[in-house]
Amino acid sequence: MAEPQAVRAWLSGLARGNRRWIQGTVAAGTVAGIATIVQMVLLARIVHQGVVEGVTVGDLTGLFVGLVGVLALRALAQGFQTRLAARCSERVQQDARRTLNRHWRATGPVALGQSSAGTLAREWIDHVEALHGYFARFLPQMALSVIVPLLILAIVFWLDWLAGAFLLLSAPLIPLFMALVGMGAEKLNQQHFETISRLSGQFLDKVRGLTTLQLFGQTAGAAELIQQRSDHYRRITLKTLRVAFLSSAVLEFFASVAIAVIAIYIGFGLLGYISFGPAPELTLFSGLLILLLAPEFFQPLRTLSQHYHDRAAALGAGAEILQRLESPVDNHCVPRAVETGGDQADPATVSLASVSVVFGDQPYVLRNLSLQIRKGDVVALTGPSGGGKSTLLHLLAGFMAPDHGTVRVFGEMPGSFRFGWLGQKGFLVQGTWADNLRLTTPEASDVAIATALRNVGLGPLLDSRPEGIYSQVSEDGQGLSGGQARRLSLARLFLADYGLLLLDEPTAGLDSDSEIFVLEALHKLAIAGKTLIFATHHQALLTLADRVLVVSGGGVRDA
Amino acid sequence: MRELRPWLRLILKRPWRLLLGGMLILATLLSGIALLAVSGWFITETALTGLLLAAGMAASINLYVPGGAIRFFAVSRTVSRYLERVYNHDTVLRLLTDIRVALFRRLAASSRRLRNELTGAQWLSRLTNDVDALDTLYLRLIAPTALAGLVTVLMLVLTAILFDLATAFIVAGLLVAAFVVSSGGVYLRTRELAYRQSDRQESLRTAVIEHLEGFAELTAAGRTGKHGAWLMRQAYQVTSAQTRTDTRTGWHLAGTHFLVNLTAVISLWLGLGLYHADEVSGPVLVLLPIALLGLGEVYAMLPDAFGRLGATEASANRLNRDCAGSADGDPPAQPPSRTGVALHAKNLAVKHPGHAMLLTHFELELKAGERLGILGHSGSGKSSLADTIAGLLAPAQGSLSCLPGVYLTQRTVLFEDTLRANLLLGAPEASDTELWRMLEMVELADRFAAEPDQLDTWLGSDGNRLSGGEARRVALARVLLNRAAMVILDEPFTGLDSETRSRISKRMDVYLEGRTVISLAHGPDALPGTDRVIYLTG
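From first to last, the protein sequence lines are chains A and B.
Numbers 1 to 559, taken from the working numbering, label the letters of the first sequence in order.
Numbers 1 to 538, taken from the working numbering, label the letters of the second sequence in order.
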């Protein structure tokens, strides 16, 4: 987990980038606060004039019109406040997503593959979204809960310093309030979150296994169990909540008591029972105004306490995002731009010169390896699992960099040009066959797409679909077997005119039909003069190769 | 709104609890309003009396009642707020349980075939979010709306009593407008946006996962930047819809505040007229506008809740759709008409709804006590055939009759519970001795005898505290504990080495004596003992 300070620093960094929006939100909030104060001044003035001075309603028209104007201003300011806040959050979210995107690209496919796609997607979507409340609500409200009470305090002091002193007395308590609220809210949030996720876990566990429960006729018992466990968690949670809610009750209590004390003080002052301090000078105007302002003094803090969970959520989500951004990526896995070593730029070979790769304390995966592969060759890499086949492929793809030595593909840095890659799992997106193939070759024609699909033996399947290449490939690869999915991926390599094709175990785990189609397809690609390098154990594939290399014990030898 | 009905009915099953919770919120709201209103009344009263006293006239004022009232409301606001929060949080957690249990029962009663469509982690996490959206329906939406209505009526009665009926009508008009702006208005303006939001989010999630799964391919093709930018645009559409919802909700909130404040100002305007006509006293003139100002807090709860109502409806809609209890249910598999026959399949075709046919013209007759092995490569429709025989999948064509049986699915499913609880699912009445004997048979007895909790060992989420082979054997033991006459085993030995496999297989032969067994596997060495073997060519 990232340090809380680091998370806060990262959040402030995001805030700095969108400073103007936050400042705008705070400014709008301040205008709303000032409008509220003016509204109360006018209200108290009207009451004083009408009740004490006996001014008629007609003569107060000006004040009433002003009052309505101020109300409109307040509403406008409030509206703009949410608008600016929402825009700010939108931009922050885009910034955060862009940063993550950039990080993914810098990390490269090999290191990225170490985390599950679901986790990464959750960070990119949900955790970034969890920042919303913090930037849209909490952060501006932090500033407002200082600015607005100070403004009100100044006015109350000016009206009656003793009443101001009552409020001020609570002012040193405000940081205390905030700490209390914070502690309470944090605890609350944490506890609530834990309970909810436990309950969800319990529930989902049973839903996931519902078929099994049904097969054994045990669903009723499971429902009972969900009920019991939920009740149990509820009781535990409530114990904590009873304490956690006390902190916000304290804030509520101080606010209520301050209003009560001020009301009673003003009342006695107006009666002339209090002969010291500013009390004798109180009028209905000043008295009423102080009373009307007192709740507004506490309101920003109460709002802040309502938004406190936004902060907790953002800190939690931020910690996970930051951990991703700062995760020390294995050095090898970062594609590196600069390499040392000689520059034998032979455009007709794939060459490795004195390449070594070692992970930590383990034995060398590749040791001082030098290798030349001619353009147009079909090369099979074989050898025991863990022998370094994949590492070698990753080096050639530029997904990894060696510890020592140089790798050149057709005289260029690996990964600096486009090439074909076929992983062990087929890669599908939701959409049509055409969408899937245009993913890597956007400009491909319909005919080329159909041809590519026929080349990998998907022709009959394609013909059975009503809309040809514009039929849906159906969701989650359902309806396509693993073998068909792999062939679809292979079709992409047909479509693009890549000079180099790297394939990791292209036939592993395939049924015999798919295997034949893949072999045929690779054969066609080989005839077309492509450079094919694949890792495999498969006998038929080894036969297809011009050259078979055994990768084991850190070295490579021709079989 | 119709989609919410079943859930509202469920929530309203606790009327007294809801009512009491609502009363506590009401007490909080009224205490807050009364604290300020009485204080305003008190200050005006003392100001006027003070002026009389200063002018040397005789005047008296009762300080005890208003002073006491102010102190009372200050305390009651705090206390009722605290109690309300604790009590209503309890309610929310109870509702959460109610909803989950009801949902689970509905899912359990629903057609398995329908549910087969809905699997995967994504659906499960969406289900959680959808349920969470309904949990807070009462506290966020129902209670505040009902209370806003109630408090408004109280205010109107107060206006009619303190001022006059004409004022009450004008105030009523404005407050109804404020109510509409803060509730229905927000709902209508955000409904569409919010309704589509979670669908958009789901397709975004799918797109992101696909992007990541194909990252190597995309990198090789030099397309990560382009595709990443496309994702950013998709994400932007989701956030900007959120922004629009937020902004609209914000404007409605501001409008509500404006209308409530305007009501207070107009009541002051009309009240001043009445005051000068000597129809109301000064203190009462001040009391009412301040009380009306307090309505702002009551209405402020509404726009946010109504801004999310569209999303809540969408959640309810999905739950209704995904968890619909089907009228027909699953027709129980017909037992074979002739005695001595355990299974009879005639011209059977197997397919998943919406997908291509996997098997057609499948004919099979199995005598009671016979052991059949079915072999086929992956994708040959083996597991789907097993699902069909076990009744999880309806035959696409043809007829099927078989004895009721017990089925070990290809996927190992263990629950986040103890070993004992997991095993007892197969045979709820089994004694500890029987459980240990079965564990011995699958060679797990030593493994769990070494655990401090023995049979009560916690297996963790989806049995993640076990290795794949151990989890498989627990699942196998669970099925074997069941004494059903027919046993279907789909890849029973996944994750086991060949020696363990053959040892267990031998013991199983003895144990399953006299029962009909269908075992399915990808190769002959993965099958337990069989009388005959058929091959699926797919």
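If you're looking for bench data, these hints aren't it; they were derived computationally from the structure.
The beta-carbon is built from N, C-alpha and C at its ideal position, and this holds for glycine as well.
Some clues are possibly wrong.
Stated by the list, open to error - Here are some chain B residues pointing at chain A (derived, C-beta under 8 Å):
no. : residue
1   : Gly50
2   : Leu52
3   : Thr206
4   : Glu210
5   : Gln234
6   : Gln237
7   : Ala277
8   : Ala390
9   : Gln410
10  : Thr494
11  : Val510
12  : Tyr511
13  : Leu512
Said to hold, decoys possible - Computed list of lysine-lysine pairs in DSS-like fashion (alpha-carbon distance at most 30 Å, straight line):
no. : chain 1 : residue 1 : chain 2 : residue 2
14  : A       : Lys239    : B       : Lys13
15  : A       : Lys375    : A       : Lys524
16  : B       : Lys506    : A       : Lys425
17  : B       : Lys506    : B       : Lys367
18  : B       : Lys367    : A       : Lys425
Under the criterion of a CB-CB separation shorter than 8 Å, is Tyr511 (chain B) in contact with chain A as hinted? Status violated, d = 18 Å.
Agreement of Lys375 (chain A) and Lys524 (chain A) with the hint, judged by alpha carbon distance not exceeding 30 Å: holds, 16 Å
Minimum beta-carbon distance criterion (8 Å), Thr494 (chain B) to chain A: Because about 14 Å separates Thr494 (chain B) from the closest Cβ in chain A, which is outside the 8 Å limit, the hint is violated.
Agreement of hint Gly50 (chain B) with chain A interface, Cβ distance less than 8 Å: holds, 4 Å
Given pair status - Lys367 (chain B), Lys506 (chain B), alpha carbons within 30 Å: Distance of about 22 Å is within 30 Å: holds.
Would the hint on Leu52 (chain B) stand, with a C-beta cut-off of 8 Å toward chain A? violated, 10 Å
Interface restraint verdict for Val510 (chain B) against chain A (beta-carbon cut-off 8 Å): violated, 23 Å
Hint validation: Thr206 (chain B) versus chain A, beta carbon distance must be below 8 Å. Holds or violated? holds, 6 Å
Quick one, is the Glu210 (chain B) hint okay against chain A at 8 Å, beta carbons? holds, 4 Å
Evaluation of the interface hint that places Gln237 (chain B) against chain A, nearest CB under 8 Å: The hint is violated - Gln237 (chain B) has no Cβ within 8 Å of chain A, the shortest such distance being about 11 Å.
Hinted pair Lys367 (chain B) and Lys425 (chain A), Cα distance within 30 Å: Given pair Lys367 (chain B), Lys425 (chain A) is violated - Cα atoms ~42 Å apart, limit 30 Å.
Does Ala277 (chain B) pass the interface check with chain A, least Cβ-Cβ distance below 8 Å? Violated, about 10 Å.
Of the numbered hints stated above, those contradicted by the structure are hints 2, 5, 6, 7, 9, 10, 11, 12, 13, 16, 18, listed in ascending order.
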